[in-house]
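S.K.: With the sequences and hints as input, model every part of the structure.
Residues in the sequence shown are numbered consecutively from 1, following the numbering used here.
I should point out that these hints are in silico values taken from the structure, not numbers from a laboratory. Misleading hints may appear alongside valid ones.
Unchecked claim - Label pairs and their in silico Cβ distance ranges: (1) ALA23 with LYS197: 55 to 63 Å; (2) PRO168 with PRO41: 22 to 30 Å; (3) ARG194 with SER96: 56 to 64 Å; (4) GLY126 with ASP150: 18 to 26 Å; (5) SER108 with HIS42: 27 to 35 Å; (6) ARG194 with GLU138: 50 to 58 Å; (7) GLN151 with GLU15: 24 to 32 Å; (8) HIS19 with SER96: 20 to 28 Å; (9) ILE192 with PHE45: 37 to 45 Å.
Each residue gets a CB set at the ideal place from its N, CA and C atoms; glycine is no exception.
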Amino acid sequence: MTQGISEALARRSIEEYAHLVAASTNDSDRICLIMEAVEAPHIFFYGVLLHIPSVMALATNPSFAWVPQLLEVLCYGNTAELCALPADVQKRLPSSIYEKMRKLSVLSLCRGDVISLKNIREIVGGSGDVEVEVLLLEMMSEGLIEGCIDQRQDLFLLKDWAPRDVRPSEIGKMREKLEAWCANCDAQITAIQRILKGEGEWQ
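M.R.: What follows is the structure, given as structure tokens:
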């Protein structure tokens, strides 16, 4: 592979991969493109690939069912689930995918202002302090997470992070929560307006 082609592949986005996968006319080429995307160091989120009809259809082919299985774990799973895949799937995976899964697993812990480094060590597979710090520094340089390490309190102080893929079945629940939150905000605003109006009339 020439340097120019290699650099072009390195810049290819997940949307470009999705277009190529959807346009592919045979499963072998489709799988090569998917694995190329999975191994690309700058791509971490694969929901757009997983939900392409021709990719979902691979689940019915015993020879290729491992591909959507792998994508599902990368989209929604963690390190333990990746390591629990069948041995015949494991042997197809380069070490870079396990490292990527460790980073995705850390993103699963991002919900508030802090993450316990103990929880990070556990979810990425019992790594030591130095390994976890290196992992977090890599994630910060890759734009996956923003914050700082507090060694004294054994915490990672979160500022921002890249959200993981969401299962389609969970989108409805998220919409309901947002609608309830918006309704509550509207009610609070109405109550405040009534109070202010009452105060104005009293004056």
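S.K.: A separate judgement is required for each hint: does it hold in the structure or not?
M.R.: Against the structure, the hints come out as follows:
1. About 60 Å separates the C-beta atoms of ALA23 and LYS197, a value consistent with the hinted range of 55 to 63 Å.
2. The supplied range of 22 to 30 Å is met by PRO168 and PRO41, whose beta-carbon atoms lie about 27 Å from each other.
3. About 59 Å separates the C-beta atoms of ARG194 and SER96, a value consistent with the hinted range of 56 to 64 Å.
4. Hint check: GLY126 to ASP150, Cβ distance near 21 Å, so the stated range 18 to 26 Å holds.
5. For the pair SER108 and HIS42, the beta carbons lie near 20 Å from each other, so the given range of 27 to 35 Å is not met.
6. For the pair ARG194 and GLU138, the supplied restraint of 50 to 58 Å holds, since their beta-carbon distance comes to about 52 Å.
7. At about 39 Å, the beta-carbon gap between GLN151 and GLU15 misses the expected band of 24 to 32 Å.
8. Against the hinted window of 20 to 28 Å, the Cβ-Cβ separation of HIS19 and SER96 comes to about 24 Å, which satisfies the hint.
9. Checked against the hint of 37 to 45 Å, the pair ILE192 and PHE45 passes, with Cβ atoms roughly 39 Å apart.
Hint compliance for this structure: hints 5, 7 are broken, all remaining hints hold.
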